[in-house]
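Read off the chains here:
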Amino acid sequence: QKEVEQDPGPLSVPEGAIVSLNCTYSNSAFQYFMWYRQYSRKGPELLMYTYSSGNKEDGRFTAQVDKSSKYISLFIRDSQPSDSATYLCAMSGTASKLTFGTGTRLQVTL
Amino acid sequence: DSGVTQTPKHLITATGQRVTLRCSPRSGDLSVYWYQQSLDQGLQFLIQYYNGEERAKGNILERFSAQQFPDLHSELNLSSLELGDSALYFCASSRGGYSEAFFGQGTRLTVV
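In the order they appear, the protein sequences are chains F and Z.
All residue numbers in the first sequence are consecutive under our numbering, ending with 114.
All residue numbers in the second sequence are consecutive under our numbering, ending with 122.
These aren't lab readings, by the way, just hints derived from the structure by calculation.
Owing to the predicted nature of the structure, the values given are computational and were not obtained by experimental measurement.
Glycine included, C-beta positions come from ideal geometry on N, C-alpha and C.
Heads up, some of the hints might be wrong.
Stretch-level coverage of chain F by chain Z, calculated; a stretch enters the list once three of its residues show a Cβ under 8 Å from a Cβ in chain Z [to be verified]: (1) 41 to 49; (2) 103 to 111.
Straight-line alpha carbon distances no greater than 20 Å define the calculated EDC-like cross-link-like pairs of lysine to aspartate or glutamate that follow [said to hold, decoys possible]: (3) F:K71 with F:E7; (4) F:K46 with Z:D11; (5) F:K101 with Z:D11; (6) F:K101 with Z:E110; (7) Z:K19 with F:E9; (8) F:K71 with Z:E110; (9) Z:K67 with Z:D39; (10) Z:K67 with F:E7; (11) F:K46 with F:D87; (12) Z:K67 with Z:E85; (13) F:K101 with Z:E64; (14) F:K71 with F:E9; (15) F:K46 with Z:E110; (16) F:K101 with F:E49; (17) F:K71 with F:E19; (18) F:K101 with Z:E63; (19) F:K6 with F:E61; (20) F:K60 with Z:E110; (21) F:K101 with Z:D39; (22) F:K74 with F:E7; (23) F:K71 with F:D87; (24) Z:K19 with Z:E85; (25) F:K46 with F:D70; (26) F:K74 with F:E19.
Only chain Z is shown next, with the shape it has when bound in the complex (with noise of 0.2 Å):
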């Protein structure tokens, strides 16, 4: 157990819907990122976190967006979604910018 709880673990939706990923990381951990994995392919960084603040953006798509909070926990919103937003994403967390990151299990998203 790496200590990062992303929920819900798994979610189907409709295209054109908006959903919500949660992440809570570990303790103390300041650092939040979120990646994408579609099927057989590599980690996309989508953006990162950093004590409150946006510190890195990826490929991240307009409709898509992100929050941390001052508890820490950060959320992952999907809006419009499309077939091809089906996907893992996963959730990150470290406990500055140049630590080691430790991963949650993942919230595995279906649009159908």
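Excised from the complex, chain F in its bound form (with noise of 0.2 Å):
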């Protein structure tokens, strides 16, 4: 079993939807995460940056993670074509590496 599991997608929502990212994992010392949006042969690129449990939001971007079920979310809202790219979720504990899911692919529609 991965440390860290994420829906490869692709995901595909019309231009102004809800769309929702997830990730789990099974590594209980897992405390920071993060979420990255990678276009194509682009390095990622970091979005949301959350300690602990807790949601953050940051424009249309909300991030979510509940430690009791090991997991966590991406929201985003109003989605435009732009986003249209893939997310990826990181997370690092007292190891210090950070451990990423294998990203989702996201197409949004006109």
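Using the hints, put the two standalone chains together into the complex.
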């Protein structure tokens, strides 16, 4: 079993939809949670960074962490075609090594 | 622009050769990570350095090695290259081991 599981998609939604992206994990030592966006063949771009459980909002993006369920989510409101990319979750604990999910490919259609 | 600089952007080399990839972290960042991403694959962690010391090791092949220098830049050395080593190699940096990491734009390695 992988430490971090993420549905690879692809996920196709119409413009303006609310997108929900999720990851589950098995390592209870993870405390730091991140979401990255990666356009094709480009470096991953940090979108959200959260510590422990709770919600964090930044513009159209909301990150949620539920440590009791070992489940994290990223919500994108009012999705745009420019949001079409691969979204990667990442997490770390005391070992300080970032562990990534495999990424979910999102396509926002007109 | 993340502030992390990787050179070269593209590299084409023959099997059996050796190459060196370079990473300059963001100003003030002490930790450097190296990742490999093959076509349509996820990010595979190779190795992490913190302030010159190796901090964590992933599935890094024995043919690969890395180091972080006193000025905090890092180099990833790949030797006896095989066709399967063709991939994007990313470097990321962070303030410390537990803070968010920022990625460079990667080096695209093609082994022919």
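Outcome of the hint check:
1. 41 to 49: holds (count 5)
2. 103 to 111: Our answer is that it holds, as 5 residues pass the Cβ test (under 8 Å) against chain Z, meeting three.
3. F:K71 with F:E7: 14 Å, holds
4. F:K46 with Z:D11: Satisfied, since the Cα-Cα distance of roughly 12 Å is no more than 20 Å.
5. F:K101 with Z:D11: Violated, at roughly 23 Å.
6. F:K101 with Z:E110: 11 Å, holds
7. Z:K19 with F:E9: Roughly 30 Å between the alpha carbons, so the hint for K19 (chain Z) and E9 (chain F) is violated.
8. F:K71 with Z:E110: Holds, at roughly 18 Å.
9. Z:K67 with Z:D39: Holds: K67 (chain Z) and D39 (chain Z) sit about 19 Å apart, inside 20 Å.
10. Z:K67 with F:E7: Measuring from Cα to Cα gives roughly 16 Å; hence the hint holds.
11. F:K46 with F:D87: 14 Å, holds
12. Z:K67 with Z:E85: 15 Å, holds
13. F:K101 with Z:E64: Holds: K101 (chain F) and E64 (chain Z) sit about 11 Å apart, inside 20 Å.
14. F:K71 with F:E9: This hinted pair holds, its Cα atoms lying about 15 Å apart.
15. F:K46 with Z:E110: Judged against 20 Å, a Cα distance of about 18 Å means the pair holds.
16. F:K101 with F:E49: Measuring from Cα to Cα gives roughly 18 Å; hence the hint holds.
17. F:K71 with F:E19: It is violated: about 31 Å lies between the C-alpha atoms, which goes past 20 Å.
18. F:K101 with Z:E63: 14 Å, holds
19. F:K6 with F:E61: Since the Cα atoms of K6 (chain F) and E61 (chain F) sit roughly 28 Å apart, the hinted pair is violated (cutoff 20 Å).
20. F:K60 with Z:E110: 15 Å, holds
21. F:K101 with Z:D39: 15 Å, holds
22. F:K74 with F:E7: Between K74 (chain F) and E7 (chain F) the Cα gap is close to 11 Å, so the pair holds against 20 Å.
23. F:K71 with F:D87: Outside the cut-off at roughly 27 Å; violated.
24. Z:K19 with Z:E85: 14 Å, holds
25. F:K46 with F:D70: Violated, because 30 Å separates the two Cα atoms, which is more than 20 Å.
26. F:K74 with F:E19: 30 Å, violated
In summary, the structure is inconsistent with hints 5, 7, 17, 19, 23, 25 and 26 from the numbered list given earlier, while agreeing with the others.
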